[in-house]
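Engineer: The residues making up each chain are set out below.
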Amino acid sequence: MTARKRTIAAVLVSAVLLGGAGGYGIVAWAGSQERRTGGNAVQAVTTDTAATGDRIVFRNTASGDGYGLVAFVPLADPAGERSVTAQACDRVYATTVVEMCLHIDRGIVTTFAATLRGADAAELRTWPLPGIPSRTRVSANSHLVAVTAFVTGESYGTVAFSTQTTISTIDGTDYGNLEDFALLVDGERITAADRNIWGVTFGSDDTTFYATAASAGRTWLVRGDLTARTLTAIRESAECPSLSPDGRHIAYKKVVTGTASPVWSIAVLDLETGVETLLPAPGNVDDQVEWLDDSTLLYGLARTDVVGDSDVWSISIDGASQPRLFIPHAWSPSVVRS
Amino acid sequence: MYISFSDRGSAQGTASPPGRPVATRVSSVVIALGIVSLVTDVSSESVSAILPLYITGVLGLSTVAYGFLDGIYQGVSAIVRIAGGWAADRGDQPKWIAFFGYGLSALARTGLLFATGFTSLVAVIAVDRLGKGVRTAPRDALITASSLPENLGRSFGVHRMLDTVGAAVGPLLAFAILFAIPDGYDTVFVVSLAFAIVGVFVLGLVVPNTRPSAERAAPGTSRASFRWAQLRDPRLRRLLLTAGLLGIVTIGDGFIYLVLQSRDAFAAAWFPLLYVGTNVVFLLLAIPLGKLADRFGRAGVFVCGHLALLAAYASAAVPVAGLPTTILCLIALGVFYASTDGILAALAAQSTSEASRATAIASAQTVVAATRLIASTGFGVLWFAVGRGDAMLIIAGALALLIPLAALVLRGAFDRTQTT
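If you read the protein sequences in the order shown, they are chains A and B. Numbered according to full-length UniProt numbering, the first sequence terminates at residue 338, and the numbering increases by one at each position without gaps. Numbered according to full-length UniProt numbering, the second sequence terminates at residue 420, and the numbering increases by one at each position without gaps.
What the hints contain is simulated information worked out from the structure, not anything from laboratory work. Accuracy of the hints is not assured; some may be wrong.
Claimed, not checked - Computed Cβ-Cβ distance ranges for the label pairs, DEER-style:
1) A113(A) / A214(B): 26 to 32 Å
2) G387(B) / T49(A): 44 to 50 Å
3) E276(A) / P404(B): 45 to 51 Å
4) G387(B) / S142(A): 28 to 34 Å
Backbone N, C-alpha and C fix where the C-beta goes; we use that ideal spot for every residue, glycine too.
Just chain B, same shape as in the assembly:
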């Protein structure tokens, strides 16, 4: 059964014949997964936003402690990501691996209500990030399995749009609660827990247990099983190489916000909220750019998205700083995320067969996460060695050199109208 509905609201009850779905439709499974991500992001981002306040203001801990916590936050999820993808492929049950991941994070939210000291807080956050690492690739494999190959970019666009709505709403909700109840940290935690459990229930009840390999297998034959050798597809290798090449010159947007903050009074006053601007652009453009990728080639949009990153670097580095360059920079960052985040998963999904899809997606995301971490560390060194302005110019120059190289590596690897 292929449940579908039109986002134009006109095709209600006019289901197209099986096997010939209309290209403008997105599976209800993708919408459901988007809603799961939305409520889960409301849950996690509401807590992350107020965590520094909570640690310094309530637990009475300061600087060193917060740095330690932040490191955990970033490191843990990359480690388990590939394991999550592999487990999803191995058992051909991505839904239940994703369910485990979402469940783990919800469990961590429960722990947050009882965490009184720094050590218990560290444990809770580690479990939460573990859950996030496990669930990402199986979920993206489910999105792929529930989408038509020619619609994949758009499906991911719809999912990332909903996901980003949650990421934008979470912090605002948390600050609104603290505004109404000044010491209402426990209220934020309770609300966060409720959203996390809602996510787990929606996933468990609404999302069907799609088995990508088994459903692809011809009747009477057994399903194709996962083998590491399937990951040797040259398309995947070229994609990983490209993602790595571009990731190594993609610095954390926190650095870009810091540069803006040091140059423009507007950015300085609104520094804590600059990421909201980026998110709004991201969520507005996720679907249009996904469609564009489906139409004109995902590899092209992925590589060209880095031109937007280049524009963001340039607007942060130009000698004249002010409100226009800040706004331009935030828009460029939003375009960059909208044209790369979901598209990368779509490219990884289409570069391998369904039996190894979750592992492939996990590999691509891990390559990006690892290289970006290297980029941010390196940029930090550069920042102090030559100053932030020159550091920005150097990284922009490196990106400008690597974009054509990346285009060359990916050239011809993905046909424009490719189906898997």
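Next up, chain A with everything else stripped away, as it sits in the complex:
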């Protein structure tokens, strides 16, 4: 073959390949349009009125035009018809007073942000996040909010993995990045560069909180103090803690395999006795659990069959009961009791 013929062959092959990929894209786009407009997979109504009453607020992951929007169901009938709002959130946490929403603003230019809304869905404030949303919590008295996001915007990966976790009051007073708090493990201050903090849960006194701290491949459950700006490790190998409403238990996820690809299970720590109970939840739980009541947990579990879909399960903390499907096609649940 001459150089000219080779060039022509290369151009033809490229046209076929890129054309084929384009065709694949068009078919995929048509399919996703069909799913988007093809009606909801679950019974749902859209709502623009403010939610009232005891309810579970979550991210709706049922295919259809309500996908990715915040929805709620009555606490008394979680499997019943869901009301879907207009807010798109990737992670959401609601109380009777506010709703904290972390969202990915998709586009050719994709950015990430956090938006705090009042009970009437009016926006109180919004601020940018450095990457993909991970966890968010609001304290029970609605004074404090915590937000964790990955720092993932930089595409060449020149920064090692990191998370950014911030705590602020709902009026906007910022306590800053928790990495700047003093991390104490066995009385020693850890100053290693690879420290990461994520997954905050609040105590009831506006000062105490719990979170996960990690350094050099180890993770700790830490008790934080907003006044002293300290994080004190109280237990090793515990991530994404969640304090029970009565303040007696902390539930967290715990690595149960030693392989490169971690498998997490849920464990519950009795703060008084220090006894840890591993729950028999099958599957790899990667979520910050939520307390339905003082003895039952809720958590999201990604579906293995459908991309981007998940279910919310409930499990008793007695260590013997099996989990039950609580809300299908849902993610990021929070229990709102008025």
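Could you slot chain B onto chain A? The hints should help.
Structural biologist: Frame of chain A; chain B shown alone:
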């Protein structure tokens, strides 16, 4: 045969006599290699950009897993880089070693379509980075072999410009696909695979199988073969020392973006896209700075490029932060890459004979990658020890001290109008 064309579009069909090519021309082989890099970068950067979303959103894995993956991403390619360079020199067949590397990455893209769990994803990414490590030095040796020595800086400039276009387009293409098809990760993977295979075909069909040593050998004599001793050229040693000295104070630009993000509201809102700004400056200036290097000395431009890095550190560290300092910082970073990335390969290429060229280029790139990794790790420690502002000032101070030292080491090693 020396195929050449003018980038001014005026010299079509007015080929200059062999042996006396016009200095403003860049070989079509360099353009073809640039296109190969462009489509390959579209392929790899489109996947890297959405990988965090895919891992956290689809595979349902979180933080620890992503950190592990990122480490693999960085470590693997440095290890095989020198092996790739050595293999290219040893067999005097850089095209086919590069082809193997590009092919390996394309194969990894195929694997991505079938990778369902974390373990298979790790394997796929490792293979992809392996391919990248293998191909880089042979490709740069091909660029050198297809260029005139006095034009080398410009040839690398043209190549890096095309390469960076791919790096800028890839993430935007991936996000555009996800914007149109919210769960369209498989579409991104299919498009990425198509671009990867296009790269392999363009390389295989269009780029001639240049044999740098054999073609240099006088008729009737055998080609000079590779010997490690050839790497003992004092010019190469001085270049490696300089690259190491400056690399040890070159922190990852991710750190600089983090500092900007923490100080300026604009940078915080557009944090995920700051690297696009740097890339645009890089691609705009790659050719002009390459020409400048050919004209006034590559060593000088390489060392002076670090003054731009110093400016980037300074604009990130100054007490008053805002939009102007952010923009200044991104421009300075772009200038830094445009005046060092391709120029380093050109300097390494001219500091040794063609028989050991790919190994020399690989050595220089490995020294830079290794020292920068040390710099980033050290800076991370410094960041937490003294705070980001002071850490930035310290690293800027160290760089300011090392630039004159580097200039001293390289002084006289490379003549301005040197031909090999």
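Engineer: Confirm or reject each hint.
Structural biologist: Hints, one by one, checked against the model:
Hint check: A113(A) to A214(B), Cβ distance near 59 Å, so the stated range 26 to 32 Å is violated. The hinted window of 44 to 50 Å between G387(B) and T49(A) holds, with their beta carbons roughly 48 Å apart. As the Cβ distance of E276(A) to P404(B) is approximately 59 Å, the hint placing it in 45 to 51 Å is violated. For the hinted restraint 28 to 34 Å between G387(B) and S142(A), the CB-CB distance of approximately 33 Å keeps it satisfied.
Violation of the numbered hints given earlier is confined to hints 1, 3; the remaining hints are satisfied by the structure.
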